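Number of protein chains: 6
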Amino acid sequence: MMKRILITGAAGQLGTILRETLKPHAEELRLSDITEIPDLGPNESFVACDIADGEAVKALVEGCDGIVHLGGISVEKSFDLIEAANLRGVYNLYEAARLHGMPRIIFASSNHTIGYYKQDERLRHTDPFKPDSLYGVSKIFGEAVASLYHDKFGQESALVRIGSCTPAPENWRMLSTWLSPRDFTSLIMAAFTVPRLGCTVVWGQSANAMGWWDNSHAAFLGWVPQDNSQDYAEEIRRSVPRPGRDEAVATYQGGVFTDEPIHQS
Amino acid sequence: MMKRILITGAAGQLGTILRETLKPHAEELRLSDITEIPDLGPNESFVACDIADGEAVKALVEGCDGIVHLGGISVEKSFDLIEAANLRGVYNLYEAARLHGMPRIIFASSNHTIGYYKQDERLRHTDPFKPDSLYGVSKIFGEAVASLYHDKFGQESALVRIGSCTPAPENWRMLSTWLSPRDFTSLIMAAFTVPRLGCTVVWGQSANAMGWWDNSHAAFLGWVPQDNSQDYAEEIRRSVPRPGRDEAVATYQGGVFTDEPIHQS
Amino acid sequence: MMKRILITGAAGQLGTILRETLKPHAEELRLSDITEIPDLGPNESFVACDIADGEAVKALVEGCDGIVHLGGISVEKSFDLIEAANLRGVYNLYEAARLHGMPRIIFASSNHTIGYYKQDERLRHTDPFKPDSLYGVSKIFGEAVASLYHDKFGQESALVRIGSCTPAPENWRMLSTWLSPRDFTSLIMAAFTVPRLGCTVVWGQSANAMGWWDNSHAAFLGWVPQDNSQDYAEEIRRSVPRPGRDEAVATYQGGVFTDEPIHQS
Amino acid sequence: MMKRILITGAAGQLGTILRETLKPHAEELRLSDITEIPDLGPNESFVACDIADGEAVKALVEGCDGIVHLGGISVEKSFDLIEAANLRGVYNLYEAARLHGMPRIIFASSNHTIGYYKQDERLRHTDPFKPDSLYGVSKIFGEAVASLYHDKFGQESALVRIGSCTPAPENWRMLSTWLSPRDFTSLIMAAFTVPRLGCTVVWGQSANAMGWWDNSHAAFLGWVPQDNSQDYAEEIRRSVPRPGRDEAVATYQGGVFTDEPIHQS
Amino acid sequence: MMKRILITGAAGQLGTILRETLKPHAEELRLSDITEIPDLGPNESFVACDIADGEAVKALVEGCDGIVHLGGISVEKSFDLIEAANLRGVYNLYEAARLHGMPRIIFASSNHTIGYYKQDERLRHTDPFKPDSLYGVSKIFGEAVASLYHDKFGQESALVRIGSCTPAPENWRMLSTWLSPRDFTSLIMAAFTVPRLGCTVVWGQSANAMGWWDNSHAAFLGWVPQDNSQDYAEEIRRSVPRPGRDEAVATYQGGVFTDEPIHQS
Amino acid sequence: MMKRILITGAAGQLGTILRETLKPHAEELRLSDITEIPDLGPNESFVACDIADGEAVKALVEGCDGIVHLGGISVEKSFDLIEAANLRGVYNLYEAARLHGMPRIIFASSNHTIGYYKQDERLRHTDPFKPDSLYGVSKIFGEAVASLYHDKFGQESALVRIGSCTPAPENWRMLSTWLSPRDFTSLIMAAFTVPRLGCTVVWGQSANAMGWWDNSHAAFLGWVPQDNSQDYAEEIRRSVPRPGRDEAVATYQGGVFTDEPIHQS
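Residue numbers (full-length UniProt numbering), protein chains in the order written: chain A, 1 to 265; chain B, 1 to 265; chain C, 1 to 265; chain D, 1 to 265; chain E, 1 to 265; chain F, 1 to 265.
These aren't lab readings, by the way, just hints derived from the structure by calculation.
The list cannot tell twin chains apart, which means a pair is met if one copy fits it or any two copies do.
With a straight-line cut-off of 35 angstroms between C-alpha atoms, the simulated DSBU-like cross-links for lysine-lysine are:
hint, residue 1, residue 2
1, Lys58, Lys118
2, Lys118, Lys3
3, Lys23, Lys118
Keep in mind it's a predicted model, so treat the numbers as computed, not measured.
Required output: the full structure, derived from the provided sequences and hints.
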């Protein structure tokens, strides 16, 4: 049982899900976002915060014994937007944590750090990056900051390269990339619970039979995902048109992000 | 649902099994063999064809949207026989496919491409070949042709290195090599269904606890074998004499093929 | 069914367990220890033996068709004690086996051969040693003797790097290292049963979700562990205090052995 | 012979060296820096430019057929400074290149991307990053941008992880990390000359016998470094005090950067 | 000093070179080709032979204590031609050798077995094949036959994947692929001389600084190539137009073979 | 310049050589052996010592700032002899060093730790052991002790797996295994000189073109061997009969040690 878990980006889709699922695991959830969250539950508090504001982030982090960092941009955007939220924002977070007891950080990294690998390639967490977007580049930056703060100060992090976290897989590609909210929740709690977390990359995927990513190195966390996209495979193959073999969504692990242009601000 | 699947070598043991199991998955099964098949079912047609005859193979392939290539020699034979059926035959098939829309090809390759590895070695699909017979050499040739046609023309193939495809495992070695007909069928359909097949080697084995071969690279196909030789292990250990540790069948992955001489024509 | 299995170190904790579980698998269990075993069962015999005594070991081994070698020191001790029991003792055993028909040997090796690896490292059996104690060094010696006798004389061995063999996992670390007595027994019998054993390293762990060690290379043995420490995880997390992240027991695979000094005799 | 090579950061130490050595290889050197360069040679031109200014960088890049990007911060500094010059600056450069014909870019990356590896570890270019500073993190960012622009647009880059580029090695660590100006120059020209550069990581080191980094993957560039720190080893061992084995400069590949605190702006 | 070396394909370009360079190393050179060789030297004999004729090949091989197998097709041709000369021909040669004392065979394999790898990939001899032509496929077949005859009968071979064997490198690609006649000769003699040859793949390249292929595994042969394409690099860069980066000759290791269509007979 | 180097086993063949070559590098050479050394030079002292005697070894080590440990058995012998000198002896040495300031230890390990690898296999220092003799087993034990004392106490060692250290290579196998006295000496001094030695395995071979062992990981030591067996190759091939391909000396890296029986005491 944690005392106070901070969730950044708590007003977003993922944050909304995790407020529910993390509730039983902490005395208090401190929610933060740039957008107000109106409907606070009994063990929830809200702190408005722009993570590009370093002082504000320091205040935000103080007193927490665990951080789930969802804050920032989560799709392809212009460099200006990504710089503020995903570069400066991540730096601010790690600096704040360093100054306030180094609570463990669950960092929402992304499959878009490696999005240009082909779908018939099986990846290990040690394979070189191949980002498919400025967004993906910013997540590589975040992982690098986490690595630096671990080697230099001992800050512990789980770097969760999330595939697709939705209630259920929605298309052919998600049969490989799906991370169920239940499994994401148990991953977060495993990372908070294991005696020694270190700075560990974890592929954010459920126990999908069709997965592209090898999580065997992270078994020591004690995380055992329970869901499998296979349970949805027949339904999706029946109801969702099969993509052509040369479409980005069937070719690259990052899917349509590889088709995104550079966004101008 | 496929329109027309061509099965070459359809009169053989494997072909006879697959006619049954593939029936629900195609509007028509086009069966081909050098031997006549008398008992055609309602959605089956038969085309007599010697696969060493290039023109005949072109006619055979036209109009199919998927090919299961079982045709050719499947045990050790003289070079003359293997040359016609397994060298020239495979070339003919890929040329025919190239000319007729490049339907996906499921190529029945074999564990005899790597038969001289010891049974205590675990293999990845990228390990170098170690053929145990001219037959095994011919399957390496076939895989090489498939690779060429993929890189040069985009032809997609599944190169299934079949262990032992029989209704049930029959001896100690098959506890490692068994591929149930049910699993072979689901593998074929997975290869026909996946949006992008590429040119993918798959070890043709069920989910055997004792398996020697690592199929993790092929998870993206969405193939989940259901059978496990372990269910037959006790029975086989009781009823089949244990081979001596220095017999070929207990030493090499290719088993008794390593004991075969060169057959003279 | 074996004729006569020799268990050395049979009076110890592991030996006492295996007397029970191996009973159904052999016509006779020949038990040996430096300490007398009083309560022999109907198919048990006892031979008092100091394994540092080469002639006595030769007499002990004669007539056995399988050996489970638990004898020797199993914790950190002074060099003098380890030398006699774990260096000279292992040499004596392999010499005795060589002279008496080379019955297969199940050698109780240990995770302390690699105890200085961190707990967030996943190991393959081919990774270099990193012993955490003179005890661990002595087990490396034993594995080296087994390798020599295999390559030179054909002696077959299973080198079982035991994690923690207790009725149930007892602390946080054992969630990774636990080997249930049931699984150890089935491993022993698999090694006696497989047509060709060779000289095979096996990580002595149950099917623990949190395991650190990759046993995929040993699938050919047909050993399928049935137990999983995960079934005990909730209970342990509730009832056993979580170790600090910098304690040896949470840092190194060998746990507290890394904290042991050199024992003086 | 190149038409116009752009050197960013041309007023710095490295830039000053390369102005000399690159002179014979281009009709014109376009020099750029935030600091004025007074003493222009006959085939040199100067453009004052803050690389954090996107529009200015576009103008700067236009008309060049090769870029040597030395601009930005080259030691540990506060995040504010690094963000402007090394994050935004690199983005600006690649955007400008994309809009102006994609001239090849020689990107001055750094050993500080991997500075936390120990000096007794030999690295391949595919090993995961281990940055030792915010500066090192910013170079990882730059490599990620280069990778993105290559996979998405075909932009070619050489990512040169420079060790220590000085006229001669100056201390014990530089016996491993030294890159002579002559070798850096020939590397730049090899990258401009090879028919296909792709996006290639190169360790920026001379042919030092004591090197930590494996450049064998980059042999295709045709770069053959001529200098070897070994020629200076005796002199350095005699004249420079040997560092203690636990000092950062003797422990980590990044040397004293690992001792740097986070700089506050 | 060998007694009698057989050179097949002796009338070809390579054969003509090797007649000169091998002359000092054998009492007799037995030359064979489908084309007559008129100008025999004093220690040369000629045997006309179509290697597709099994009986003729047996007669040819008898009495030789070493074979340099250059015979067959050496560029892309129709399947019919390749089948006769490079499939059946190789089989005939190994059968003949098996029946006549198993003299060592130097088999002229080719870089076209791996021609579809990109030029920025460094290969080991164990990397999977990627043929670029039917010719390349036929060389894979040849290597597979050699492997079979080694594992089954003990026949020793050097499988020399020749790059480009010409008096001097002639274009940009050959800076990587060149094998000087002098180095090819010393390789042949090293393979005949080493006490144990086994069945060893060797990349047929001189000591080119720009080489793509790692020959370190074959150091045991004692072959030390003396030539380096680097000596010709400046001249070629000056006199031969640089290929465009997207031309096959600059993209793939197999160069223009990847552009070849399937030849019809 | 070292103050006092201890050479154990100084009366042996290797010790006699190193007394000469190490003389210029230390103010004093402390020589030790079980056999008296009569002809002491001006900067040499002699201490008679049986390394199986722990107290004597402690006295021996005191006051030394570097140890070259050649003492013990260096060929195959009975277990009794090896146990005293190579098991207990090594333990005594490391205990003594631990108590006396942990001077660096150059441990004469051996190729016989991996003697059962074939000669056509290229080894990395991380490959699993394959000892060919009890002697080889004892050297594995020594390396394990060194590893333990490094991880537990920080003791630094160079583990030199010596091939064949003789003035010149004497037979075909030594073309691969030769270590010239000059190169051994420079290796010892490099290990004493490098700021951080750690616990590093080094293959004890000169810069032999025919070497089997990859020393690239140890480049950081700054050791650059100067000799190459190639200079002796022609002479040896002319004057020493070529071994048959199935003789141990041509098959296994450990050569004739694989033919040694177990010696009885």
